[in-house]
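Chains as they are written, first to last, in the working numbering: chain A, 71 to 188; chain F, 8 to 120.
These aren't lab readings, by the way, just hints derived from the structure by calculation. Everything numeric in this text was worked out from a predicted model, so none of it was measured. Positions of the beta carbon are idealized from the N, C-alpha and C atoms, including for glycine. Treat the hints with care, since some could be wrong.
Selected chain A positions facing chain F (in silico; Cβ < 8 angstroms) [as the list claims (entries may be wrong)]: (1) L114; (2) L116; (3) T119; (4) F179.
Taking lysine-lysine pairs in the DSS-like style, the calculated list, with each CA pair at most 27 angstroms apart, reads [as the list claims (entries may be wrong)]: (5) K90(A) - K111(A); (6) K107(F) - K111(A); (7) K107(F) - K134(A); (8) K107(F) - K90(A).
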Amino acid sequence: GAVVSQHPSWVICKSGTSVKIECRSLDFQATTMFWYRQFPKQSLMLMATSNEGSKATYEQGVEKDKFLINHASLTLSTLTVTSAHPEDSSFYICSARAMGGGKADTQYFGPGTRLTVL
Amino acid sequence: AQSVTQLGSHVSVSEGALVLLRCNYSSSVPPYLFWYVQYPNQGLQLLLKYTSAATLVKGINGFEAEFKKSETSFHLTKPSAHMSDAAEYFCAVTNFGNEKLTFGTGTRLTIIP
Numbered sequence: 071g072a073v074v075s076q077h078p079s080w081v082i083c084k085s086g087t088s089v090k091i092e093c094r095s096l097d098f099q100a101t102t103m104f105w106y107r108q109f110p111k112q113s114l115m116l117m118a119t120s121n122e123g124s125k126a127t128y129e130q131g132v133e134k135d136k137f138l139i140n141h142a143s144l145t146l147s148t149l150t151v152t153s154a155h156p157e158d159s160s161f162y163i164c165s166a167r168a169m170g171g172g173k174a175d176t177q178y179f180g181p182g183t184r185l186t187v188l
Numbered sequence: 008a009q010s011v012t013q014l015g016s017h018v019s020v021s022e023g024a025l026v027l028l029r030c031n032y033s034s035s036v037p038p039y040l041f042w043y044v045q046y047p048n049q050g051l052q053l054l055l056k057y058t059s060a061a062t063l064v065k066g067i068n069g070f071e072a073e074f075k076k077s078e079t080s081f082h083l084t085k086p087s088a089h090m091s092d093a094a095e096y097f098c099a100v101t102n103f104g105n106e107k108l109t110f111g112t113g114t115r116l117t118i119i120p
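Please build the complete structure, drawing on both the sequences and the hints.
Structure below.
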């Protein structure tokens, strides 16, 4: 149980284009989903917290107009990287917390999406 | 504020030897502690978690960790390393009422045949 999927697993795009990454909880409903960014050989950096039906909360220094997050249902959150540039190339990982759990309850992670911007 | 320190960015052990990955935390309130494992180009998989119940926590794949409040530590151990244990390991901390995880910088475990 507690499986989280991401699509696509990898994407290559041209500079200036937008890319959408999907995060789905497959066997549970997630009131809260989180988006992380991981640079090579580094730890995870939280970008934003997404609650179903409301606006995402972005961490300091993360541009909300560049990284658009939509959490339209209890099983789906999307991250759109708008007007992507090479410096946006990274590994993006989402996680989901099951509905009914406490705030500190376990986050289940997706397999990640590797974005390369040419 | 809360933080996690993982001592040793790289740890190498021989196959069959004891695995010990260190994690120390800082938290002004009782912590919840997690260990995650990440294989190359994959997301994170939960190994085990401590949420104020038993201080010795057993996880998957033969791993366990012990919460020691006096030492503010939550070290991860496995009695006998297997080649498949080679991966990146992350310790993370949060607390009741806080939904954000704070991750350590990770420890890369290499298993020597």
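Evaluated hints:
no. : hint              : result
1   : L114              : holds, 5 angstroms
2   : L116              : holds, 6 angstroms
3   : T119              : holds, 7 angstroms
4   : F179              : holds, 4 angstroms
5   : K90(A) - K111(A)  : holds, 24 angstroms
6   : K107(F) - K111(A) : holds, 21 angstroms
7   : K107(F) - K134(A) : holds, 18 angstroms
8   : K107(F) - K90(A)  : holds, 24 angstroms
In terms of the numbered hints stated before, the structure departs from none.
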